[in-house]
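Top line first, the protein sequences correspond to chains R and V. Each residue of the first sequence is one higher than the one before, starting from 1 at the first, in the working numbering. Each residue of the second sequence is one higher than the one before, starting from 188 at the first, in the working numbering.
The hints are simulated quantities; they were obtained by calculation from the structure and are not laboratory data. Treat each hint with caution, since some may be false.
As a list, the in silico SDA-like pairs of lysine to any residue whose alpha-carbon atoms are at most 20 Å apart [said to hold, decoys possible]:
#1 V:Lys234 / R:Gln181
#2 V:Lys234 / R:Ala182
#3 R:Lys70 / R:Val54
#4 R:Lys55 / V:Leu250
#5 V:Lys242 / R:Leu25
#6 V:Lys242 / R:Val54
#7 V:Lys242 / R:Arg40
If you want the ones that stay clear, here's a sample from chain R, every Cβ over 10 Å from chain V, calculated [said to hold, decoys possible]:
#8 Pro42
#9 Glu64
#10 Pro65
#11 Gly66
#12 Phe69
#13 Ala71
#14 Ser86
#15 Leu88
#16 Arg126
Cβ atoms here follow ideal geometry from the backbone N, Cα and C, with glycine treated the same way.
Residue strings, one per chain:
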Amino acid sequence: MTLLLWRRAERDPVPRTSVFEELALPLLPALYNVAFWLSRNPADAEDLVQETIVKSLRGFQSFEPGTNFKAWIFRILRNTYLTSRSGLAALRTVALDDELAEAELHPEGAIDRGTPELNFIRLNDRAALESAMEALPPPLLEVILLCDVEEMKYREIAAVLDIPIGTVMSRIARARAALRQALESRV
Amino acid sequence: MTAHLTPDLLSALADGELSAQQLAQANDHLAACPACTAQALEQSLLKSGVARAGKRYVLPPDLQQRLMRLTAAPAPRLAESGPALRASASLRFGLTGWAAAAVLLLAFGGTAIVEHNRHDAQVAAVREDALATEVFDQHVATLAASLPPQVVSTDRHTVKPWFQGKLPFSFNLPDALPDGTTLDGANLSYLRNQPVAQLLYSIGRHRVSVFVRQRTAPTAPDFNAEDAGFHVIVASSRDLEIAVVSDVDPARLSAFVTTFRQAQTEH
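Excised from the complex, chain R in its bound form (with noise of 0.2 Å):
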């Protein structure tokens, strides 16, 4: 018994909760950061992150080890914001239309090529992007802060949204044509 014992205690040297904190701990920024993005207030992007970290300390024995635990955590943290209160509010008031058909996704004018180019140097303009993106729908502003702000990779995305790759792709080229839209609008 006590060999057994011996051995199973070899085997499994560093509790799962210490690998956990090594594994979750860099990117509590990241996640707060997104959080805050999404929930529009410090208190609730607290909350958030706080109600993740506990689900996933929670959950972590289902997190298979050498799978991306990036996109683990922030499907949780996704997943926990859609049931808040103001995940909840958001998509009560948008609608997601990724079954519109690609004409009207992509309506004319959403690239113009009648212009030589959009001002670059507005591209540059931190606080007019920040403002752009505070005015994006919620499924426009997350897969673009995980493809920007996380460079998570499109199947990366997919996996935190749980929805196919082509409705990743779309909803980017969307979330861009919005702010283009947007910083052009600020002229």
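With chain R held as given, fit chain V onto it using these hints.
Leaving out everything else, chain V in the frame of chain R:
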């Protein structure tokens, strides 16, 4: 000329998500279409702009502390409910059995503590290495860049106010610098996903970068590192962590760090 690139393809091009075949076709089209080339450039600029603007909210230190305690708390409970307790439940054969269980508990407890301390030291070493590498990389990138600093001034009363509204904390710049040391300017930069001040000094002809950020770990020890002839010194003041990197003589760099650190306690 082939058909214009769709918004989806232009986006995926900026994200590096096109297949080899799609990429070849897109490149063929871009070579002949200035309009799509301008759009592709715009998409890339938009992507990098969003990446910068999106890093907007900084994790409050008190929340970080709470979450760190939260993730650390279950460890002892798991250890208690692990092999040692299961052993005590099965060893029901009198005093000898209980004594054996107690010895086992002590042995496992001691091993766990030693293992935990060793593990903490390893994690701390990895974090120090990562910070030193990041600081070193940013300094070298600054030296290699042909652009001037975002704020160019030798006057500390110009450089420090420039950070107002850009950083969620403040810091002091030393008034009296060691001989041969001058302030050149500063950049707003990022370390470990947090906004930091990158102050640029010269000691003689050697360039020095000083990264100042809010301290996130209350017990973070000071440390020195060396990489490719550059010295990195990381020191803490009451609320700030200061990481200094340069290829100057370590003694002069150390004297400079002492001056800079002392300035943080002045009002």
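Status of the hints after comparison with the structure:
Between V:Lys234 and R:Gln181 the CA atoms are separated by roughly 15 Å; this keeps the pair inside 20 Å, and the hint holds. As the CA atoms of V:Lys234 and R:Ala182 are separated by approximately 15 Å, the hinted pair is consistent with the 20 Å bound. For a cut-off of 20 Å, the pair hint linking R:Lys70 to R:Val54 stands: about 16 Å separates their Cα positions. Straight-line distance between C-alpha atoms of R:Lys55 and V:Leu250 comes to about 17 Å, which keeps the hinted pair within the 20 Å bound.
Of the pairs offered as hints, the one joining V:Lys242 and R:Leu25 holds, with about 17 Å between alpha carbons and a cut-off of 20 Å not exceeded. Of the pairs offered as hints, the one joining V:Lys242 and R:Val54 is violated, with about 24 Å between alpha carbons and a cut-off of 20 Å exceeded. Our distance criterion of 20 Å between C-alpha atoms is met by V:Lys242 and R:Arg40, whose separation comes to about 14 Å. With a closest Cβ-Cβ approach of about 8 Å to chain V, R:Pro42 is found to fall inside the 10 Å limit, against its non-interface label.
R:Glu64, annotated as away from the interface, keeps every beta carbon of chain V farther than 10 Å; the closest lies near 19 Å. The claim that R:Pro65 is not at the interface with chain V holds, since no C-beta of that chain comes within 10 Å of its own (minimum 16 Å). Separation of R:Gly66 from chain V is adequate, the least Cβ-Cβ distance of about 19 Å exceeding the 10 Å criterion. No Cβ of chain V approaches the Cβ of R:Phe69 within 10 Å, the least distance being about 13 Å, so the stated non-interface status holds.
Residue placement check: R:Ala71 keeps its beta carbon more than 10 Å from all beta carbons of chain V (closest about 16 Å). Annotated as non-interface, R:Ser86 keeps its C-beta farther than 10 Å from every C-beta of chain V; the closest such distance is 15 Å. The beta carbon of R:Leu88 sits about 22 Å from the closest Cβ of chain V, which is more than 10 Å, so the claim that it is off the interface holds. Listed as a non-interface residue, R:Arg126 fails to keep its Cβ farther than 10 Å from every Cβ of chain V; the least gap is roughly 5 Å.
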